[in-house]
Amino acid sequence: MNDTALPPASPDPTGKKILMIMTTGPEEPDKTYAPFFTAALMAAMEIDTTMFFMMHSPELLKKGAAEQIPLKKGGTLKHFVDMAIENGVHLLACAESMRDLCNLGVEDLIAEVKVAGAPTMADLALDADAVLSF
Amino acid sequence: MATINGCEIPEDLLYYIERNQLTWVKVEGDRITIGATDPAQARAGRILYLRVKPVGTVRERGKPIATVESGKWAGPIIAPVGGTVVEVNTEAEKDPTLLNSDPYGRGWVVRLIPTAPAQLAELLSGEAALARFREVIAREQIRCDRYHP
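These protein sequences, in sequence, are chains A and B.
If you read the first sequence in the numbering used here, its first letter stands for residue 236, the second for the next number, and so on.
If you read the second sequence in the numbering used here, its first letter stands for residue 62, the second for the next number, and so on.
Pulled out of the complex, with its shape left as it was, chain A reads as follows:
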């Protein structure tokens, strides 16, 4: 190891936050996987990425559900859910949607999901650099 001078450190291009709001559930499988894929990519870019699941979308996070959603391109939604989790995407499910529309309890969801309410979504939206909805 010699003493080659290191270039000056540049600021890390992170510190950005993205909120993705999911409203599509298993009723439209074609619309489910791209958001997970996009979220995985953004998290890999070290963007702090949160997916907030409301309406019927919490049903995608039910234990065993993603494996049952086949994709036209082959495979199932589970591949993309796993990719998002592996890359560190935060998954939040809407408490009100779970209770009133999906009939789901927190124990029904995969372990990586946290449950939050509309006020949390409002805070996240105001704090994010961009909000995307699917």
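A hint or two may mislead.
[What the hints assert, rightly or not] No farther apart than 30 Å at their CA atoms in a straight line, the calculated lysine-lysine pairs in the DSSO-like style are these: (1) A:K349 / B:K155; (2) A:K307 / B:K124; (3) B:K133 / A:K251; (4) A:K313 / B:K124; (5) B:K155 / A:K298; (6) B:K133 / A:K313; (7) A:K298 / A:K349; (8) B:K133 / A:K349; (9) B:K155 / A:K308; (10) A:K252 / B:K124; (11) A:K297 / B:K133; (12) B:K87 / A:K349.
Source of the hints: derived by calculation from the structure; they are not laboratory data.
With the hints as your guide, set chain B onto chain A.
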């Protein structure tokens, strides 16, 4: 050059095979070159996007050094050792299929000056690396076919 299920594994490189990473490292003087291995590119499929941290970025071991996207996979290339980015393969950023067609050559990703060169001793080489590759390639049923645009 060892070949496992069509995947070429040069014997003169070091390898980082942890979690979903299948990365090669070549030591050249005080710097190292990092790239994706043949089984890594085969598993990902045609690579559509590569973005590397800019020159000057200091990364700890285990932190993302680049982001890769193919049609079926998106994720980071993790720094196998800590270091400072001194060169980025901008040719591969413009044409990421170089990672598919020439993973150990023109498809290299990034060059670093390691912060703690002793970390290089923790990378795999020789028979230990090949044994791990055999295990991953069998488990994930990877078959290497080079992409030629």
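We went through each hint and held it up to the structure:
1. For the suggested pair A:K349 and B:K155, the alpha carbons sit about 39 Å apart, so the restraint of at most 30 Å is broken.
2. Distance check on the hinted pair: A:K307 and B:K124 sit about 34 Å apart at the alpha-carbon level, beyond 30 Å; violated.
3. A hinted pair counts as satisfied when its Cα atoms are at most 30 Å apart, and B:K133 with A:K251 qualifies at roughly 25 Å.
4. Taking the CA atoms of A:K313 and B:K124, the gap is near 25 Å; set against the 30 Å cutoff, the hint holds.
5. For the hint linking B:K155 to A:K298, the alpha-carbon distance of about 40 Å lies beyond 30 Å, and the restraint is violated.
6. Proximity of B:K133 to A:K313 is assessed by CA-CA distance (about 12 Å); at most 30 Å being required, the pair is judged to hold.
7. A threshold of 30 Å between alpha carbons decides the hint, and for A:K298 with A:K349 the separation of about 14 Å falls inside it, so the pair holds.
8. A distance of roughly 26 Å separates the Cα atoms of B:K133 and A:K349; the hinted pair therefore holds under the 30 Å criterion.
9. Between B:K155 and A:K308 the CA atoms are separated by roughly 26 Å; this keeps the pair inside 30 Å, and the hint holds.
10. Between A:K252 and B:K124, the direct Cα distance comes to roughly 18 Å. Compliance with the 30 Å bound is thereby established for this hinted pair.
11. About 23 Å separates the Cα atoms of A:K297 and B:K133, which keeps this hinted pair within 30 Å; it holds.
12. A distance of roughly 42 Å separates the Cα atoms of B:K87 and A:K349; the hinted pair therefore is violated under the 30 Å criterion.
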